[in-house]
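Participant: The lines below spell out each chain.
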Amino acid sequence: MNYLGIKPVRPRVAIFGFTGCEGCQLQLANGEEDLAEFLSAMRIARFRELSSADEEAYDIALVEGAVTRGDEEERLLEIRDRARVLVALGSCACYGGVPRLKNCFDPVEMNHEVYGCHPRESLPTRSLREIVTVDQEIPGCPVAKVEVERIIQHLIWGLPYRFPAYPVCLECKQRYILCRFEQGELCLGPLTRGGCLATCPRGGLGCWGCRGPAAEPNYGEFIAIARQRGFTLREIKERLSFFGGLEVTP
Amino acid sequence: MLFRILDKQEFHSLVDLMLESTEVIGPKKIGGAVDGRPIHQYLPLFNFHELDLEYETTEIPAKSYFLPYLENLSTWRFTDDDWSQEIAYRLHPRVILGLHACDINALLKLDKVMTREFFPNPYYISRRKNSFIIGVDHHPCRGGFCRSLGTDTVERGFDLFLTDLGDRYFVAIDSERGFTMLHLVTVRQVTQRDTDDYLAARQEIASGFGPTLELKQLPRVLDLQFDSEVWRRWGAKCLSCGSCAAVCPTCYCYGVSESVAMDFTRGAKVKQLYSCNLPDFAQVAGGHDFRPERETRLRYRYYHQHRGFLEQYDEPKCVGCGRCGRSCLAGINPPEVIGDLLAAEESS
Ligand code: SF4
Ligand code: SF4
Ligand code: SF4
Ligand code: SF4
Ligand code: SF4
Numbered sequence: 001m002n003y004l005g006i007k008p009v010r011p012r013v014a015i016f017g018f019t020g021c022e023g024c025q026l027q028l029a030n031g032e033e034d035l036a037e038f039l040s041a042m043r044i045a046r047f048r049e050l051s052s053a054d055e056e057a058y059d060i061a062l063v064e065g066a067v068t069r070g071d072e073e074e075r076l077l078e079i080r081d082r083a084r085v086l087v088a089l090g091s092c093a094c095y096g097g098v099p100r101l102k103n104c105f106d107p108v109e110m111n112h113e114v115y116g117c118h119p120r121e122s123l124p125t126r127s128l129r130e131i132v133t134v135d136q137e138i139p140g141c142p143v144a145k146v147e148v149e150r151i152i153q154h155l156i157w158g159l160p161y162r163f164p165a166y167p168v169c170l171e172c173k174q175r176y177i178l179c180r181f182e183q184g185e186l187c188l189g190p191l192t193r194g195g196c197l198a199t200c201p202r203g204g205l206g207c208w209g210c211r212g213p214a215a216e217p218n219y220g221e222f223i224a225i226a227r228q229r230g231f232t233l234r235e236i237k238e239r240l241s242f243f244g245g246l247e248v249t250p
Numbered sequence: 001m002l003f004r005i006l007d008k009q010e011f012h013s014l015v016d017l018m019l020e021s022t023e024v025i026g027p028k029k030i031g032g033a034v035d036g037r038p039i040h041q042y043l044p045l046f047n048f049h050e051l052d053l054e055y056e057t058t059e060i061p062a063k064s065y066f067l068p069y070l071e072n073l074s075t076w077r078f079t080d081d082d083w084s085q086e087i088a089y090r091l092h093p094r095v096i097l098g099l100h101a102c103d104i105n106a107l108l109k110l111d112k113v114m115t116r117e118f119f120p121n122p123y124y125i126s127r128r129k130n131s132f133i134i135g136v137d138h139h140p141c142r143g144g145f146c147r148s149l150g151t152d153t154v155e156r157g158f159d160l161f162l163t164d165l166g167d168r169y170f171v172a173i174d175s176e177r178g179f180t181m182l183h184l185v186t187v188r189q190v191t192q193r194d195t196d197d198y199l200a201a202r203q204e205i206a207s208g209f210g211p212t213l214e215l216k217q218l219p220r221v222l223d224l225q226f227d228s229e230v231w232r233r234w235g236a237k238c239l240s241c242g243s244c245a246a247v248c249p250t251c252y253c254y255g256v257s258e259s260v261a262m263d264f265t266r267g268a269k270v271k272q273l274y275s276c277n278l279p280d281f282a283q284v285a286g287g288h289d290f291r292p293e294r295e296t297r298l299r300y301r302y303y304h305q306h307r308g309f310l311e312q313y314d315e316p317k318c319v320g321c322g323r324c325g326r327s328c329l330a331g332i333n334p335p336e337v338i339g340d341l342l343a344a345e346e347s348s
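Protein chains in written order, with our numbering: chain A, 1 to 250; chain B, 1 to 348.
Derived from the structure by calculation, the hints contain no laboratory data.
Fair warning: there could be bad hints in the mix.
Once the Cα atoms are required to be at most 20 Å apart in a straight line, the calculated EDC-like pairs of lysine to aspartate or glutamate come out as [to be verified]:
| # | chain 1 | residue 1 | chain 2 | residue 2 |
| --- | --- | --- | --- | --- |
| 1 | B | Lys269 | A | Glu147 |
| 2 | A | Lys7 | B | Asp80 |
| 3 | B | Lys269 | A | Glu149 |
| 4 | B | Lys237 | A | Glu221 |
| 5 | B | Lys237 | A | Glu216 |
| 6 | B | Lys237 | B | Asp227 |
| 7 | B | Lys271 | A | Glu147 |
| 8 | A | Lys7 | B | Asp82 |
| 9 | A | Lys145 | B | Asp263 |
| 10 | B | Lys237 | A | Glu147 |
Based on the sequences and whatever the hints tell you, model everything.
Facilitator: Structure representation (structure tokens):
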């Protein structure tokens with residue numbers, strides 16, 4: 001018997017990594033309890049962390065990382081040509097993520113700061129959707145493995161996936177997590193899309209917005225609340241711009 | 001209702017006996033806020049000293065022990081051309097100790113919805129019937145407005161209810177099992193002095209309340225002020241975060257989704273409590289949305305609390321615990337919102 005009457009066909013999946021920390025790829029290799037089932041649900045065409053396979057034919061491409069070099073851009077265009085479904089994996093791929101911060105600095109100075117007197121080619125950071133059509137985004141720094149599983153299932157069933165419309169706050173309440181604002185800290189949870197199970201507040205940190213905006217972020221009121229609680233506009237904007245998924249100048 | 005006197009030492013013994021034999025949940029201090037206010041939650045207790053009956057309120061109501069935020073309704077499995085499912089109701093008895101009157105009144109309201117409708121909720125009923133409730137009297141909490149709603153006292157819905165008389169508790173008994181439970185320790189009959197002390201204690205609590213809101217006309221005012229700018233003003237502040245309904249002891253809305261294992265042969269139906277303030281609450285098939293704006297969603301929550309529920313169950317749904325206002329980062333709280341509505345009606 002098949003779930004919803006849909007026979008799951010195993011798609012060929014290839015995983016690529018551009019500019020990022022490779023943490024999202026690592027997440028895919030995590031979750032030992034059902035790693036075998038996860039991998040059995042697909043045929044791995046390319047996944048350098050788990051397999052030596054390197055096939056050029058695949059249905060789904062999961063692309064991690066932002067684009068910061070010309071060769072990455074070329075490779076991305078090629079992947080777009082080959083893949084039936086292109087998935088941006090993680091906040092770097094979806095929004096530029098942490099690498100996007102470099103766009104705030106002078107490119108020559110920054111290159112010198114990092115590479116000294118051996119400058120390297122480095123373009124302004126771009127997310128995948130600034131270059132190609134992206135069929136599905138999976139935000140998160142890193143992505144939540146459970147969400148990746150849900151999304152891959154939906155791709156296999158051919159059904160659209162619905163992200164939570166609610167922000168992180170609801171997941172704090174569900175888990176008895178004390179609000180970081182009550183502890184005198186800044187938290188972007190009220191603006192940020194839920195689904196991470198309030199990972200950061202659960203660990204005692206405010207949210208940094210890695211998952212991008214919830215369905216209806218109320219930027220104006222959020223900034224007013226944060227300022228009332230003593231945070232400066234500069235602090236708030238720095239936090240909002242950190243992963244590149246939220247609006248900074250509403 | 002029967003009354004007995006329980007010395008504090010005997011109460012300690014009673015809690016110890018309960019801790020030995022069953023799960024005991026009670027108010028526990030878990031930290032403090034940046035303004036120095038202590039923060040309490042209802043949590044499983046491991047010894048008597050974790051219990052803090054002097055608590056003011058909890059962030060999360062005891063609702064989560066009856067309607068969990070996340071709940072497996074069933075787990076299912078496909079085998080060849082057949083399927084099976086397993087449904088488990090909670091049957092282990094437990095004690096929930098230290099509920100205030102508003103929270104017991106909240107359970108009475110949930111009882112109406114969960115046990116008396118066409119489709120009673122068996123998950124709720126099994127938890128409710130297997131929970132031994134001990135209430136406790138207390139001084140009015142900040143931000144609460146239970147007295148305006150008549151929920152500052154409670155006559156039913158508990159097994160035992162304690163009023164602190166210094167060295168002893170005045171105990172109201174509202175169930176046979178409550179009566180039986182007291183046989184485990186030594187209790188004594190109520191004397192005239194106990195009754196006098198009890199009435200004085202109740203009087204002292206009652207005099208601690210600030211001014212009450214006049215809510216008799218509220219259902220009518222809600223209809224008259226349906227298009228009031230009060231809703232636009234407060235609605236513009238709402239973050240659509242759902243915290244208010246999550247911490248509300250009487251909000252019960254939910255959604256159900258399937259969680260399917262990666263081998264596609266097993267899964268679970270998962271229920272998640274939801275909130276009418278959330279953006280997709282009133283979205284239906286085809287993409288239509290009955291309440292696309294923050295202000296209409298916020299208004300809806302107030303209408304369900306103070307008008308819709310009343311129409312169905314002859315009383316408001318809100319018990320005035322003040323939790324929604326305390327947890328709302330935007331400071332949206334019923335006494336102020338309702339106060340603004342009443343003022344708008346008066347000046348129109
Ligand atoms: S900690 Fe952050 S995410 Fe959690 S409730 Fe507070 S503001 Fe919302
Ligand atoms: S709490 Fe915020 S920053 Fe942390 S994982 Fe969740 S969305 Fe990302
Ligand atoms: S009223 Fe407050 S707690 Fe409720 S959804 Fe709006 S912002 Fe969140
Ligand atoms: S609406 Fe607010 S004050 Fe009323 S019962 Fe719910 S949380 Fe308490
Ligand atoms: S409709 Fe809103 S106010 Fe009513 S029970 Fe549901 S969440 Fe609570």
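Participant: All hints are to be evaluated individually against the structure, with a verdict given for each.
Facilitator: Do the hints match the structure? See the list:
1. At most 20 Å may separate the alpha-carbon atoms for a hinted pair to count; Lys269/B and Glu147/A meet this at roughly 17 Å.
2. Among the hinted pairs, Lys7/A with Asp80/B is consistent with the structure: their alpha-carbon atoms are about 13 Å apart, no more than 20 Å.
3. A threshold of 20 Å between alpha carbons decides the hint, and for Lys269/B with Glu149/A the separation of about 17 Å falls inside it, so the pair holds.
4. The hinted pair formed by Lys237/B and Glu221/A meets the criterion: a straight-line CA distance of about 6 Å does not exceed 20 Å.
5. For the proposed pair Lys237/B and Glu216/A, the alpha carbon gap of about 12 Å is at most 20 Å, so the pair holds.
6. For the suggested pair Lys237/B and Asp227/B, the alpha carbons sit about 17 Å apart, so the restraint of at most 20 Å is met.
7. Using a Cα cut-off of 20 Å, the hinted pair Lys271/B and Glu147/A holds, with the two alpha carbons roughly 17 Å apart.
8. At most 20 Å may separate the alpha-carbon atoms for a hinted pair to count; Lys7/A and Asp82/B meet this at roughly 15 Å.
9. The suggested pairing of Lys145/A with Asp263/B holds, with an alpha-carbon distance near 15 Å, which does not exceed 20 Å.
10. The straight-line distance between the Cα atoms of Lys237/B and Glu147/A is roughly 30 Å, outside the 20 Å bound, and the hint therefore fails.
Hint check: a violation occurs at hint 10 only; the rest are consistent with the structure.
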